[in-house]
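Visitor: The lines below spell out each chain.
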Amino acid sequence: MTDDAGFGVYVHWPYCAAICPYCDFNVRRDRGGDHEDLLRAIVADIEEHARRIARRPAQTLFLGGGTPSLLSARGVATLIEAVDAAFGLEAGAEISLEANPEHAAMFAELVSAGVNRLSLGVQALRQKDLQTLGRRHSAIEARAAIEAAAHTGARVAADFIYALDGQTEAEWADALDEILRLPIAHASFYQLTVEAGTPFARAVARGRMHALDVERAARLYELTQAKTIDAGLPAYEISNHARPESERARHNLLYWRGGDWLGVGPGAHGRIAVDGARFATRAHADPKAYVRAVAEEGIGWAEQERLSGPAQGEEWLMMGLRLAEGVDRRRIECARGARFNADVLEALVAQELLYTDEHRLVLTPAGRLLADRIARDLLLG
Amino acid sequence: MISRDKIRNFSIVAHIDHGKSTLSDRLIQFTGGLSAREMTEQVLDSMDIERERGITIKAQTVRLDYRAKDGEDYVLNLMDTPGHVDFAYEVSRSLAACEGALLVVDASQGVEAQTLANVYQALDNNLEIIPVLNKIDLPAAEPERVRAQIEDVIGLDASNAVLTSAKSGLGIEDCLEAIVTRLPPPMTGDANAPLKALLVDAWYDAYMGVVVLFRVIDGVMKKGLRIKLMQADAEYQIDRVGVFRPKAQDVEALGPGEIGFLTASIKEVADARVGDTITEYRRETAQALPGFKPAQPVVFCGLFPTDAADFEDLRAAMGKLRLNDASFTFEMETSAALGFGFRCGFLGLLHLEIIQERLTREFDLDLIATAPSVVYHVHMNDGTMRELHNPADLPDPTYIKEIHEPWIKATILTPDEYLGSILKLCQDRRGVQRELSYVGNRAMLVYELPLNEVVFDFYDRLKSVSRGYASFDYQITDHREGDLVKMSILVNDEPVDALSMLVHRGRAEARGRVMCEKLKELIPQHMFKIPIQAAIGGRIVARETISALRKDVTAKCYGGDASRKRKLLDKQKEGKKRMRQFGKVEIPQEAFIAALKMDGD
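In order, the protein sequences belong to chains A and B.
Using the working numbering, the letters of the first sequence correspond one by one to residues 1 to 381.
Using the working numbering, the letters of the second sequence correspond one by one to residues 1 to 601.
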């Protein structure tokens, strides 16, 4: 891997028709209106950034949220054109959009507008599970949406959530078998995580829901790995599976491989290089504050932090260990200005949690279940 | 100088929260010592910790000028004494400076164990006692029941007890009249005899230096006088003589029966020992006052800085505390697990807690405290005896003839319904029952117990089995032979020296099991299994296993999560500083302290 791990643009569209009870993203309930002012602000933000940083062609554009499929096809086209005009989208650039199954009727239009990868928030194929998760689509709509997406000719990915309260191993095994028969080449399987401040967290606090016990979580994860490998859809990241390799989410790989991306839209984070230094940025989370910041200051940043070498090294390790391909050991050691602690490495290798040679650090399947802890031990050791 | 028959010296005996401080404040206010505005805070307990916990650590005194109903002016010296058993010796010296005491009892709560111990001390010192029923205006007040209880339990006539409500100011004048009419003035005292005064207490004041509180028996204490401290065998020249009203106020001289303070360029509080006799240099009194005892620490523990870099700061802080508290001792200690620290001696568990808290709070130090230990007498085969303050220093058992441990006499008062659990607790702790009697629906238990069973978690257990209703007090009686063994704790097969302790052989297994269970809860999971064992010699007596961490990975991790992860890592870096490495295992400092507390919650 070269040090240039690529460049992409992330656009955050914060509005959703309803807020899901597990979600802790920067999301807002859509109370109507066309949000023209936000769309214009995002475009202006993109244009201003292009003036400030060296023009750099983008290999990926990701429209995430929130629910960017709530934007009209015209709105989506506007954003794609803005990025292309400002930075230039490379030929064959990956242009992803997160879409809800209930918007299946728009998929063809969205693809005409330039989207070439649809990431569907399916979450489950069972009605009961969809209800638990507070999703607005039915199981039938979910299947229809996948069919519709496949028909557009775009690459199709689908997100699923498992390890729900009360979900048995047998139930998930059956559900997973069904999922693996769907015409998709990319799937994300997320274990339900009860995030602080969400309705689920309140339900757990009141005893109306049980947080997942670690042992069961581990078994469900192992089951998922075994079944996806059997089905030829192995994990290339902790929760992300694709076949073949070309189906991987190139934009998300930027995050895990330590690439650069510009983040625009309310609450979006970015990592960009300016004059040899690398910055972590965060835009104003509140849409009004974001629009105002763009109007007054040209760009929507609320925060920017110059990343020190060690801080970059830390991020690269914590993000990169998630990948099946592992991380570039030398790149991280150079950034941190220190070798990894040999005793810690040796212990991890002896426990068969990690492979290493002079060049790479790669977690074993057992190690991936402990990726966060291993990263911590390597960085604090 | 005041005529002896116009002096009344008294202290107040009360259980925590029964209103001692409020009553003192009211007496001061009534006699004009302070304006209402100055009364907004309780005056006497001046340390933060004293105020928060409602305890008095240092004796203090205040002089009240009172014109009684007989038209005469009296000087009343109120001596505020420490109320806790850890400071029993200090209490005895304060009481020795008085002729009388107010026994303050909450009219709804009744007599508590601590009250008892102090009131017996007052009786031992031949003090005249006036029962005061406080909080008389509370709806729950039962003055008749409490009156009967005082008569039954203490054997004091409570028929003419003074009824007060310190909070609302009720009965304050009655209280002052009772002090004047019912307490005797100082009996003897010759102003012309050589100076003889009792050193009641001493403390360090930032402005005045070492301040000595005293009670004159014979002679006159005045500025410029050369004095001698008889036990310390040291001489000084008095710089100031004064009284507290409650603000320090210089006076010309203090004569027989009077209480006041002096300063004399004494360098350290340790030089002014409680109970010492102050006399005139070159005109010494014939005989020193009886009852002097040098301060003797009874509980020891190691204190280590969490961050090794704070060692010198800890040394300096301890030096500063010792300036003001000569009963606290420390010497350097090295632990394989904890690095450099100090072995510290305390008067008791409360004293230990107070010092620890002051080090943490006033000096901003993070500390690890090792298991509290008592002073064992180790009798060797060669006939010598060694005092053992630290289980880690126990000599090879083959050279030991026997080990003796300190025993206490404990008094426990409890509502009847908790008696069963308390008897079991005392029995479990090798207690020997000496007395069991009833006072109304409250039982009074007297037990002999080994102190090492008490320093551990006895008080917490007692509170928990009695839902906080039982009260407890103790005094050390003697050293007795015990079948004691050293128990080591091994974490992942590595001994953790700071957790080793001496235990009775018959209790080792139970103690080891509790310790292992506690550590299992407190040590976070690692990526490997961690055995925790309690061992005596090579024999494992208890064992627990912390299972290996199964899963620790974020499900969803994209662009915005990189910053979140880095923030978490920064927190973990801070947390790591509070971790101690034992072989491959990291033990958080909090776990350490909690394991040693063993509060069983």
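Be a bit skeptical, because a hint or two may be false.
What the hints assert, rightly or not - A few chain B residues that face chain A, going by a derived Cβ cut-off under 10 Å, partial list only: (1) Thr-306; (2) Ala-309; (3) Leu-522; (4) His-526; (5) Phe-528; (6) Ser-547; (7) Asp-552; (8) Thr-554; (9) Gly-560; (10) Ala-562; (11) Ser-563.
The set of hints was computed from the structure by calculation and includes no laboratory data.
Glycine residues also receive a C-beta, built at the ideal position from the N, C-alpha and C atoms.
Visitor: Does each hint fit the structure? Answer for all of them.
Guide: Against the structure, the hints:
Below 10 Å, beta-carbon pairs count as interface contacts, and Thr-306(B) has none with chain A, the closest being about 16 Å; its hint is therefore violated. A least Cβ separation of about 18 Å between Ala-309(B) and chain A goes past the 10 Å threshold, and the interface hint is therefore violated. A hinted interface residue such as Leu-522(B) counts as satisfied when its beta carbon comes closer than 10 Å to some beta carbon of chain A; here the least separation is about 18 Å, so the hint is violated. Hint on His-526(B) holds. Least Cβ distance to chain A is approximately 9 Å, under the 10 Å limit.
Evaluation of the Phe-528(B) hint against chain A yields a held restraint, the C-beta minimum of about 6 Å falling below 10 Å. For the restraint placing Ser-547(B) at the interface with chain A, the shortest Cβ-Cβ distance is roughly 9 Å, inside the 10 Å limit, so the hint holds. The interface hint given for Asp-552(B) is met, as the beta carbon of that residue sits about 4 Å from the closest beta carbon of chain A, less than 10 Å. A distance limit of 10 Å between C-beta atoms decides the matter here; for Thr-554(B) the minimum to chain A is near 6 Å, and the interface restraint holds.
Checking Gly-560(B) against chain A: minimum C-beta separation of about 4 Å stays under 10 Å; hint holds. The closest approach between the C-beta of Ala-562(B) and any C-beta of chain A is roughly 5 Å, which is under the 10 Å cut-off, so the hint is satisfied. Checking Ser-563(B) against chain A: minimum C-beta separation of about 6 Å stays under 10 Å; hint holds.
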